[in-house]
Amino acid sequence: MATTQITEASIREALIERLKASHVEVQDQSGGCGQAFTAVIVSTEFAGKPSLRRHRLVNAALKDEIAQIHAWSARCLTPEEWEREKLSSEPRLGS
Amino acid sequence: MFARTAFARAFRPLATSASAALRPIPQQTANQIFLSLTARRLLSQETRKAIDQAVNSTPVVLFMKGTPEMPQCGFSRATIQVLSMHGVDPEKFAAYNVLEDPELRQGIKEYSDWPTIPQLYVDGEFIGGCDIVISMHQSGELATLLKEKGVLLEQPKEQQEAAAVEGEKKE
Numbered sequence: 001m002a003t004t005q006i007t008e009a010s011i012r013e014a015l016i017e018r019l020k021a022s023h024v025e026v027q028d029q030s031g032g033c034g035q036a037f038t039a040v041i042v043s044t045e046f047a048g049k050p051s052l053r054r055h056r057l058v059n060a061a062l063k064d065e066i067a068q069i070h071a072w073s074a075r076c077l078t079p080e081e082w083e084r085e086k087l088s089s090e091p092r093l094g095s
Numbered sequence: 001m002f003a004r005t006a007f008a009r010a011f012r013p014l015a016t017s018a019s020a021a022l023r024p025i026p027q028q029t030a031n032q033i034f035l036s037l038t039a040r041r042l043l044s045q046e047t048r049k050a051i052d053q054a055v056n057s058t059p060v061v062l063f064m065k066g067t068p069e070m071p072q073c074g075f076s077r078a079t080i081q082v083l084s085m086h087g088v089d090p091e092k093f094a095a096y097n098v099l100e101d102p103e104l105r106q107g108i109k110e111y112s113d114w115p116t117i118p119q120l121y122v123d124g125e126f127i128g129g130c131d132i133v134i135s136m137h138q139s140g141e142l143a144t145l146l147k148e149k150g151v152l153l154e155q156p157k158e159q160q161e162a163a164a165v166e167g168e169k170k171e
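Same order as they appear, the protein sequences are chains A and B.
Per the UniProt record's numbering, residue 1 is the first one in the first sequence, and the count goes up by one each step.
Per the UniProt record's numbering, residue 1 is the first one in the second sequence, and the count goes up by one each step.
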């Protein structure tokens, strides 16, 4: 039950190790106090899975981490989706 | 300003129609409920039943921090804004404020196997949290889902509000 400090790096490492993520961007939005994070996660594990199942995979992989922090937000992409997004010059904005 | 009042008025009756176990409880009592970590982690039959009832109380159910009129978290606020923008029928919507009840706050996470608030249910089915609602909004999936489930207002929202203003004038 040790509450180790959650950091961008620790989340990143956990996702690479536990979800075989090929690319991870984590941002601490709490100004360094380790309370609110947002992430882009790219993994082949997401292929063929709807959004809800992708998020459930991440939630399971980061169960202890998410329980310790205040806010968590993620986008879960397959490598193909990530490539497409990088190539697209259009920003991903809502309608 | 009126739009907000109309929105608030429309949401209030359903937002307070929670079952007994989900009613707001005084802060002292609330603290006593936090017995131990172990006790807190077990979702009691009673809590599960109360959440079952809440989830099935109406077609669209949101567990959130704060109220639709006054969300107390940016993620809850964003989710309410999206639902409002789509014109979800207030008669078919209920919001439950997890900050009013520690049992609900912890229980809903286990019930849905989902670690964060808000949580959206449509027709008793867990849809997701804020990230999923926003991405479904952007992709058009949310509009399709809400339309298919028949939970949107007949008229566009502006017309509803215009009608409401008209009603006020006559009184």
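One thing to keep in mind: the hints can contain errors.
[Unchecked claim] Derived DSSO-like pairs: lysine-lysine, alpha-carbon spacing no greater than 30 Å straight-line:
| id | chain 1 | residue 1 | chain 2 | residue 2 |
| --- | --- | --- | --- | --- |
| 1 | A | Lys49 | B | Lys147 |
| 2 | A | Lys49 | B | Lys109 |
| 3 | B | Lys92 | B | Lys147 |
| 4 | A | Lys20 | B | Lys49 |
| 5 | B | Lys149 | A | Lys20 |
| 6 | B | Lys65 | A | Lys63 |
| 7 | B | Lys147 | A | Lys63 |
| 8 | A | Lys20 | B | Lys92 |
[Stated by the list, open to error] Listing some non-contacts, in silico: residues in chain A with all C-beta distances to chain B over 12 Å:
| id | residue |
| --- | --- |
| 9 | Gly31 |
| 10 | Gly32 |
| 11 | Cys33 |
| 12 | Thr44 |
[Said to hold, decoys possible] Okay, the calculated bits of chain A under chain B, using three or more residues with CB under 8 Å as the criterion:
| id | segment |
| --- | --- |
| 13 | 4-18 |
| 14 | 58-68 |
Treat the hints as calculated values from the structure; they're not laboratory data.
All of these numbers come straight from a predicted model, not from anything done at the bench.
Virtual Cβ for every residue (Gly too), placed ideally from N, Cα, C.
ask   = Any hints this thing doesn't respect? Which numbers, in order?
value = Violated: hints 4, 5, 7, 8 and 13.
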